[in-house]
Amino acid sequence: MDYYLSVATFAGLNVILALSLNLISGFCGQVSLGHAAFYGLGAYAAALCSVAGLPMGVSVAVGMLVAGGFGIVTGFAALRVREDFLAIVTMGVGFLFLGAVRKQAWLGAEMGIAKIPSPLDKWGYAALAIGGAVAVLLLSLHVRRSWMGRAFGAVAQDEDAARSIGVDVSGYKIAAFFIGTAAAGLAGGIYAHMTQLVVPDAFNFVQSVTILAMVVVGGIGSTLGVVAGAVLLTLMPEMFRFINDYKLLVYGGLLLLVMRFSPEGLAGLVHRVTGRRLA
Amino acid sequence: MSIKSSSRLIFTALVAAAFAAPAAAQNIRIGFHAPLTGFAAADGKSAVQGAELAVEQINAAGGVNGRRLELVIQDDQARPDQALPLANKFIGDGLRVVVSGSYSGPTRAAAGVFHQAKVPYVSAYAIHPDITRAGNYVFRTSFMGEVQGRAAAKLIGDNLKKKKVTLVTLNNDFGQALSAGFKEVAGRFGIQIAAEHTYAMGDRQFGSIVASVKKDDPEALYVSGYFFNGGPLVAQLRAGGVTVPIIGTEGFDTHNFIAIAKDAAEGVMITTSLDRDSSAAPMRRFIADFETKFKVPADMVAASTHTALYVVAEGLRRGGVDDGARIRAAISGLKDFEVATGRISFNELGEVYKAAQIQVIRGGKFRHFATIDDPVLLAPPTK
Amino acid sequence: MFYLELLLVGLVWGCTYAMMALGLTLVYGLLRILHVAQATVFTLGAYVGLLVANHTGSLAGAFVAAALAAGLLGPLVYRFIYRPILDKPPFVALVASIGLLIAMEDGFRLLFGPYGLSFAKNTWFTTAVGFGGLSLNLVQVWIAVAAVVLLSLFALFATRTRAGVAWRATVSDPSIAESFGVGVSGVRHTSFFIASVLAGVAGVLVGLLNNLVEPGMGSVISYKGLAIIVLGGLGNVPGTLLASLLLGVVESFGTVYLGKLLDRDAIAFLFLILVLMIRPQGLLGKAR
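Chains as they are written, first to last, in our numbering: chain A, 1 to 279; chain B, 1 to 383; chain C, 1 to 288.
Same shape as in the complex, but just chain A (with noise of 0.2 Å):
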């Protein structure tokens, strides 16, 4: 049972980080490989709260507002690049996140942060993973049919045409990476009290392009898509626990496969054989 129990939490915090870059990527267009730094940015913060002596749910929350901060700030760059510089700035945001934390004695450097205070039982983060991931599935699938969500298309599709009607591109880009990057706080601080332990290894790019594979693999800008591929994602390592020399092949080939036969991932399948558009 426990197992399972712990499955369903990294499931859970899996389609949170998914779904939270799909704000960003899939919503409004701007890709990022470093997602995993923003993920990290709320554990750190959580964690170093929780040590401290504040209550969880503070914590959390001060996790995701850290989060989201640094996230402003990668917005902020994200108004000077475009498109593929975007994907490497971002990229380097992740390295130089992990770079930064690794040298840094009142993180614990490589060491971490450990006993970080575990006021929940197994079925307690199994809840909050889960609870978490349906607040920001509803909130996507809100964002989509909402005004922003329209604005955040029209950036995505063309920025020049959007800013010309008059979208505030600037603001919208901002706010995609705000409300994204403090979901994946919000990830961070369950992943930090759930585990007790929390080290840089944990946030690297193999984290970042995981996320951003639950993304593609799901079908980006597709909510539903990207949390079946969320899922499927966390899943498939375990059902493959049986060919564990084989593994990491199996996945990458897998990635590589969907993107050279479906790149619009299962959302794309679905749509292929349904001729229905997920949500």
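Bear in mind the hints are in silico, worked out from the structure with no lab data behind them. One or more of the hints may lead you astray.
[As the list claims (entries may be wrong)] A few chain B positions that, by computed beta-carbon distances, are all more than 12 Å from chain C:
#, residue
1, Ala61
2, Lys118
3, Asp374
[To be verified] Here are the simulated DSSO-like pairs of lysine-lysine, each with C-alpha atoms no more than 30 Å apart in a straight line:
#, chain 1, residue 1, chain 2, residue 2
4, B, Lys183, B, Lys383
5, B, Lys118, A, Lys122
6, A, Lys115, B, Lys383
7, C, Lys121, B, Lys293
8, A, Lys122, B, Lys383
9, A, Lys115, B, Lys183
10, B, Lys214, C, Lys260
11, B, Lys164, C, Lys260
12, B, Lys214, B, Lys163
13, B, Lys164, B, Lys183
14, B, Lys183, B, Lys214
15, B, Lys365, B, Lys214
16, C, Lys260, B, Lys163
17, B, Lys214, C, Lys121
18, B, Lys161, B, Lys183
19, B, Lys214, A, Lys103
20, A, Lys103, B, Lys183
21, B, Lys118, A, Lys115
22, B, Lys365, B, Lys161
23, B, Lys295, C, Lys121
24, A, Lys103, B, Lys215
25, B, Lys215, C, Lys260
26, C, Lys260, A, Lys115
27, B, Lys214, B, Lys164
28, C, Lys286, C, Lys88
Please read all numbers here as calculations on a predicted model, not as lab measurements. For glycine and all other residues, C-beta sits at the position ideal for the given N, C-alpha and C.
Got chain A sorted already, so can you dock chains B and C onto it with the hints?
Just chains B and C now, with coordinates in the frame of chain A:
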């Protein structure tokens, strides 16, 4: 050993695990996780080999109380988020004892889970100080980083009488712990630290460090890292004209280090637990059997996991196979237990004291140089 | 002297980056693809070179074999992976490329073992060359020589040969080039071939430099390569060369003076971000 045969072994172990329900009455299953894939796969492979050799030897000698041991091997990719579900899976599958053949991140993350479930958990070579602090069901059979750093300080300051030392430190938990231990006691041996330069796990090019070391002009170098950093680093230091003694750590304790650094490895000293010229029977047997079975010389990671498996087997022998609390008590009660890495006893935290073996590379082989047996200096923390 | 040595070290690093980044920028200039999987080509070159060197004892043979193997793999990647998805959004090819890199990294591990392989005989590695109080090993010298020679050959190719002119025409406008009778497909295959040969040769050189060929050896240099081509101004060849050398030197000094605050990768990317915030189009890129 070829990849094919290693994957076959793993496959066999897994098939055995899958069909284990009817056979479980016979075999005692021991959980084991290591990084089989990802950046740490090299150490993962050595770890699996050490564990497999231990199980094979124990089974050949009649098993534990007449029952055979069986490894249930899982890949953790050296990632903490992989270790948590995996730990819960082991517990859910009813395993009574688990060994970590992995790095600090996953081991620390899993330790808390095992302690709560009252499943004894032995870390073979992860060095994070907080691992055993997760609770009294958690043990470690290797040196802690700090302790090994202290041994190196004594070696340099006392045995070699070098007083001006530059540190070249790998920037991860292993390197930082070694460096902290070294600096903690350096003053006691009259060592003055000229400078400390750090590098990252992925680095293989050390030109700027070589230049800095030449500027420092130390009498000796204390270098941490793994063979894949250390090999190129030592070679580049020597090619750059640095001739002073180089003292490394158990991370270099593999023939791969010598294969990479070649002639530059000559004279390099390391602090480790494996003595190639030992007269102790378990150590000799481990070294000989390992080379026979896998056709490569034994390394420190394999020796550490081999040790952890022997500790677990002894715990099962004395504590029975069903009750985690009794197995735990049996392991913590081990005194002067002789294993491949020396004679070990656990303290109240679950850490061991061992003498440090100083090996020097001569003629392309690790040879005995000195033994530092100082229970005060090398005492692991007790809380 | 210390500074001179750091400068030299940085320039040698820059030369290895240049050999990787030039290929990446060629590919990007033509197809707008961030070709992360170039790291796979690099690693393949290193493994092929090492195996040939260890079996035949000939380093020249090793370089030729590595160049051929890499030169074969690159165009195949283009043909079977990139070409069918060229009309998709740019991240599609990027993710496909990352997928290939992850899969092949593990493929190399399964094929050749996780410990990595060393050259049986590597005299360049152990030979120190001293001049004026500076000392390098022979591999470092050869890396500088190889970079200069290969990049000069490339410059000659681009400016003096028909294929080179066709390539430049295709970069600046594929449809016009095609209407003048340039075979776009041929140009693309040629570009992937050149990029891959450079990466393969660089792979052997870096393998010799570390005396270690390992499954993951390509990834970091490949990510840095992407940073460099962005820094230079995407698709801009002189900018790429300038950025390579500059980044090498920045890392070399940065690891000494900023080492307490940031690690080497972070220093490189910090530099990249700072430059891009001031010049969003890169060092020598044209403003859009």
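A quick look at each hint next to the structure:
1. Ala61: The assertion about B:Ala61 holds, with a minimum of 30 Å to chain C.
2. Lys118: holds, 34 Å
3. Asp374: Its Cβ never comes within 12 Å of chain C, the nearest being 32 Å, so this holds.
4. B:Lys183 <-> B:Lys383: holds, 21 Å
5. B:Lys118 <-> A:Lys122: holds, 16 Å
6. A:Lys115 <-> B:Lys383: Distance ~14 Å between A:Lys115 and B:Lys383 Cα, so the pair holds.
7. C:Lys121 <-> B:Lys293: holds, 27 Å
8. A:Lys122 <-> B:Lys383: Satisfied, since the Cα-Cα distance of roughly 27 Å is no more than 30 Å.
9. A:Lys115 <-> B:Lys183: Distance ~25 Å between A:Lys115 and B:Lys183 Cα, so the pair holds.
10. B:Lys214 <-> C:Lys260: Holds, because 19 Å separates the two Cα atoms, which is no more than 30 Å.
11. B:Lys164 <-> C:Lys260: holds, 21 Å
12. B:Lys214 <-> B:Lys163: holds, 16 Å
13. B:Lys164 <-> B:Lys183: holds, 12 Å
14. B:Lys183 <-> B:Lys214: holds, 21 Å
15. B:Lys365 <-> B:Lys214: holds, 28 Å
16. C:Lys260 <-> B:Lys163: holds, 24 Å
17. B:Lys214 <-> C:Lys121: holds, 27 Å
18. B:Lys161 <-> B:Lys183: holds, 16 Å
19. B:Lys214 <-> A:Lys103: Between B:Lys214 and A:Lys103 the Cα gap is close to 24 Å, so the pair holds against 30 Å.
20. A:Lys103 <-> B:Lys183: holds, 17 Å
21. B:Lys118 <-> A:Lys115: Measuring from Cα to Cα gives roughly 19 Å; hence the hint holds.
22. B:Lys365 <-> B:Lys161: holds, 24 Å
23. B:Lys295 <-> C:Lys121: Holds - the C-alpha atoms of C:Lys121 and B:Lys295 are around 21 Å apart, at most 30 Å.
24. A:Lys103 <-> B:Lys215: Measuring from Cα to Cα gives roughly 23 Å; hence the hint holds.
25. B:Lys215 <-> C:Lys260: holds, 18 Å
26. C:Lys260 <-> A:Lys115: The hint holds at about 26 Å.
27. B:Lys214 <-> B:Lys164: Satisfied, since the Cα-Cα distance of roughly 13 Å is no more than 30 Å.
28. C:Lys286 <-> C:Lys88: Measuring from Cα to Cα gives roughly 25 Å; hence the hint holds.
Hint check: no violations occur; every hint is consistent with the structure.
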